[in-house]
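From first to last, the protein sequence lines are chains A and B. Read in order, the letters of the first sequence are residues 55 to 589 in the numbering used here. Read in order, the letters of the second sequence are residues 55 to 589 in the numbering used here.
Careful, some of the hints might be misleading.
Here are a few chain B residues that face chain A, going by a calculated C-beta distance under 8 Å [said to hold, decoys possible]:
#1 113
#2 174
#3 270
#4 272
#5 297
#6 311
#7 344
#8 345
#9 346
#10 354
#11 356
#12 374
#13 376
#14 498
#15 500
#16 534
It is worth saying that the hints were derived from the structure and are not from the lab. All residues carry an ideal CB built from backbone N, CA and C; glycine is no exception.
Letter by letter, the chains look like this.
2 protein chains.
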Amino acid sequence: MNPAHPPVRDPNRVLIFDTTLRDGEQSPGASMNLGEKLEIARTLEALGVDVIEAGFPIASPDDFAAVKAIAEQSQRSIICGLARSLKGDIDRAAEAVKPAGARARVHIFLATSAIHRQYKLNKVKEEIVKQAREAVAYAKTLIDDIEFSPEDASRTEPDFLAEVVQAVIDAGARTVNIPDTVGYAYPSDYADLITYLRTHVKGIDNVVISVHCHNDLGLAVANSLAAVRAGARQVECTINGIGERAGNCSLEEVVMAMRVRKDQFAGISTGVISQHLYGASRLVQSITGLPLQRNKAIVGDNAFAHESGIHQHGMMKNPETYEIMTPKSVGVPDTNLVLGKHSGRAALGKRLETLGLAVGEADLNKVFEAFKTLADKKKEVYDGDLIALVEEVVRGTTVSVWKLDYLHTASASGAGAGTGAMATATVRLTKDGKTVTDAATGDGPVDAVISALNRITGVAGMVEDYRLRAVTKGGDALGEVSLRAKLALGGGEAVVVGGKGLSTDIVHASCLAYLDAINRIGYQIGRLDYRTAAS
Amino acid sequence: MNPAHPPVRDPNRVLIFDTTLRDGEQSPGASMNLGEKLEIARTLEALGVDVIEAGFPIASPDDFAAVKAIAEQSQRSIICGLARSLKGDIDRAAEAVKPAGARARVHIFLATSAIHRQYKLNKVKEEIVKQAREAVAYAKTLIDDIEFSPEDASRTEPDFLAEVVQAVIDAGARTVNIPDTVGYAYPSDYADLITYLRTHVKGIDNVVISVHCHNDLGLAVANSLAAVRAGARQVECTINGIGERAGNCSLEEVVMAMRVRKDQFAGISTGVISQHLYGASRLVQSITGLPLQRNKAIVGDNAFAHESGIHQHGMMKNPETYEIMTPKSVGVPDTNLVLGKHSGRAALGKRLETLGLAVGEADLNKVFEAFKTLADKKKEVYDGDLIALVEEVVRGTTVSVWKLDYLHTASASGAGAGTGAMATATVRLTKDGKTVTDAATGDGPVDAVISALNRITGVAGMVEDYRLRAVTKGGDALGEVSLRAKLALGGGEAVVVGGKGLSTDIVHASCLAYLDAINRIGYQIGRLDYRTAAS
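With these hints in hand, go ahead and build the complete structure from the sequences.
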């Protein structure tokens, strides 16, 4: 037992080692700049991550600078830099993490599987053991906290793996990581490998056994959990599960699985503050430009969304019928009962109430009938559609929302257009038979349209999140824009509302989406002023 | 043993039950129309799926019609309709699947867990057992192939679950499904439950035990696999893992896990033709409008992409160093070595060769240096960038590609604009100091831009896939358009090329992306004609 090493103090504490900034950054398309990396590192510390793998300092001068800057700003997490088993790599890594002081770690790796030895390294077993031992011993002269990874461990002969692990522990490694580099492991098999090492390597219980799983077969979380049950006490993972190929073990999934299934992980704990998971996920999505699929576990848009009528019915009686954790426990703002063709009458009634459109029982039946007809035609029924339905079905009037009558945009860009792009939008809206026309300029046509819509409706607002997806395929594909906007009316407090729009023309779809958001805020606040002055 | 029941014939055959059209369609945002459902059903049959759950016929007239139409067109898969344990539901489901003849199945469910009994159904145990038994017995008078699901089975008291399962088997159910409705199961625990049922229910080995897992804790695939090892012989799953909340077990992951880890699944087989997985995934993405995250296992854009220099180096020596299955085995066109800051010199050289830009060893060093500088600034280095680098660094000339000098678009839409939207784009391009200007109209500004670019460059083309993602966040967010286009030059054969563009203005980014694609095809074909006539 090494008393200076925090993880060993509590045998039931599983350390969370986040490698979003290293393995995650290796996701094609995910490179981040220095400011972005510092922001993610701060978020990871606030999330309660024990170790932050900040980068691979030898890879480039920018990587080195990022690891160093993260080490400098760090407050409580261990800051780790990656290095091959080469003196030059280790020097750079040690230098980069040094500002973290007692919280500095160097993570050294060397491939050990037969296929990597033969094809990548062209080295025999004895050479591998020697290089690993010498690398750790050398690193130990620079930094006390050394982690070693035999790359492709899950495909390495167990007896040779034990030999390498023994050598690096003897040389002073404090953490030995057993990576499933290629995502090949199967849970029971992987747990057996951890057990094998624990029974065949002397002194292994004085170091932390770590696991690092890739998701090529969809088993990264299950493999990590199986290893924890076999005695691993560090899990390497990333926010949103990003990383090389199919990515790494997802931090949010592995942490919440241990928490929700505490019956299977008796006494086990992590330092993660789960209420910060959703925010961390959003930040990483935004910075990396790698959006999640809607059904991503824990943090996806649909993770707490219920569409089927049967589920919605149960959820309204007792959320535990279909939810094993609360959205709040992972920082998700609210359970989302999405209205679609599978939704029941009760869910519709509840949504209308939320929109301030409570109707009587008899009227609800009428609205529900009209809703079912509409839902069979539309993929999703938006709040704007519901407002229109209630107006038409219950009140027998046409709906009093802004409608787009005419949209014209013109824009110029390119070097020949002078400095910066310039666009103009002309918009004509109608409401209750009145017509208002106005124009505005912007960075591009969408920006100009939003400014014109703000002018006409008297809303002050900006777009916070913008997504486009194809709804149909082929040449004449319809695109759906969904956006989240922060809107204020007549100097009032700003509220965040969503809006959607569908068109073959992106600019047109964006205009409809923003107008949808404006119509919702009008109903949420209970009024919408006319700006007749501009007409 | 029931000799008429195909699954029981081969004890090692795991039936794949696809519920993309039922549970998958319940993903918020995923509703599909009749034609789309028929197309997916045809694709599922071609993929070799054993059972297609086509819908929930009582839910709406459209659902009924879809199940019936799928039953009518079906050629080899069992077609299944879902029903609550109610006579009306069962009648509708049986009527809908009838056209499938001997391949017709009705799938009946009833919740059995304490929380569902109390809060959703308000029924005691005896009532549940009676209702389940009677529902199966009634259905059996209409259709021979009955499947029964005790909803929320994984949270049901095992002894009561065994009682319900015994009752429905005695009443004639041929498949009993043990769903993990809320995604709560843990693999070893779930396997124990299957084993418990196999030892406590008489005659259970004469029926097929099925599993249906949700992914709320990221364990759907692991749970399904653990159940198969415990004796389950049907796995319910969906293409891309879509479904309620965090979705269902992903078909492609569970099938490939059993195939890649055949050492863990000795003798086990499925009927899935894995080479069709990628195509099926693309179709479902396109129809549902639910894009996958890039690191989705098996079928995501990055599943076979390698960015780090170390991985790229290994991959070029022997793909098995980092790939446990070939892209070809799941129908993915090609392994994707994405060039970015982590890429090595060898990967750059290989990509230049592919682009027809082979350079000598000394020149490669120069290009690599310039590439590293560029890669530190850019998230991804596109082929267009490489072409420019080679021209500048090696040939000392400015690159001979089309460059955008000026872009002007104008568009009108809305009811007040007359029938249909109308847009005009004016584009000025330069190449080798020459300037060409032309204009075209289109459905929207992007469409008009593409037509104008086609005119100027003499390319005949159309966009096949279009994606937009935010690269930076906040009000002045940069959007990156990536598209795949089918382009032909001067009446030649069309080739599919990708292109990317970045701008604060979506239309501008789209223009740059399409131009990027055009510049690539020019280099692929080895020439780019001037259309000076239009200048």
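Review point. Hint numbers the structure violates, sorted upward?
Key: none
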